[in-house]
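J.: Sequence:
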Amino acid sequence: MYDIKNTIRLCSVIFNLCFLAKRICLASISACQ
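If you're matching positions, the sequence shown starts at 612 in the numbering used here and goes up one per residue.
Heads up, some of the hints might be wrong.
So the derived label-pair ranges between C-beta atoms look like this [what the hints assert, rightly or not]:
1) Cys-643 <-> Cys-622: 30 to 36 Å
2) Ser-639 <-> Asn-617: 28 to 34 Å
3) Gln-644 <-> Tyr-613: 43 to 49 Å
4) Gln-644 <-> Val-624: 27 to 33 Å
5) Asn-617 <-> Ala-638: 27 to 33 Å
Source of the hints: derived by calculation from the structure; they are not laboratory data.
From the three backbone atoms N, C-alpha and C, an ideal C-beta is built for every residue, glycine too.
Given only the sequences and the hints, what does the whole structure look like? Please build it.
T.: Given below as structure tokens:
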């Protein structure tokens, strides 16, 4: 149970980082164009 909770937390952190990185990339692309 604890391991599953930890994994879900880790996945949500990774997802948030990816989402943030994607937004930064999109902002950079639109700034370059």
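J.: The structure should be examined with respect to each hint, and the outcome stated for every one.
T.: Each hint, compared with the structure:
Between Cys-643 and Cys-622 the beta carbons are some 31 Å apart, a value that agrees with the proposed interval 30 to 36 Å. With their beta carbons about 33 Å apart, Ser-639 and Asn-617 fall inside the hinted range of 28 to 34 Å. For Gln-644 and Tyr-613, the hinted distance range of 43 to 49 Å is satisfied, since their beta carbons lie about 47 Å from each other. In this structure, Gln-644 and Val-624 meet the distance hint of 27 to 33 Å, their C-beta atoms being roughly 31 Å apart.
Under the hint 27 to 33 Å, the C-beta atoms of Asn-617 and Ala-638, about 32 Å apart, fit the expected range.
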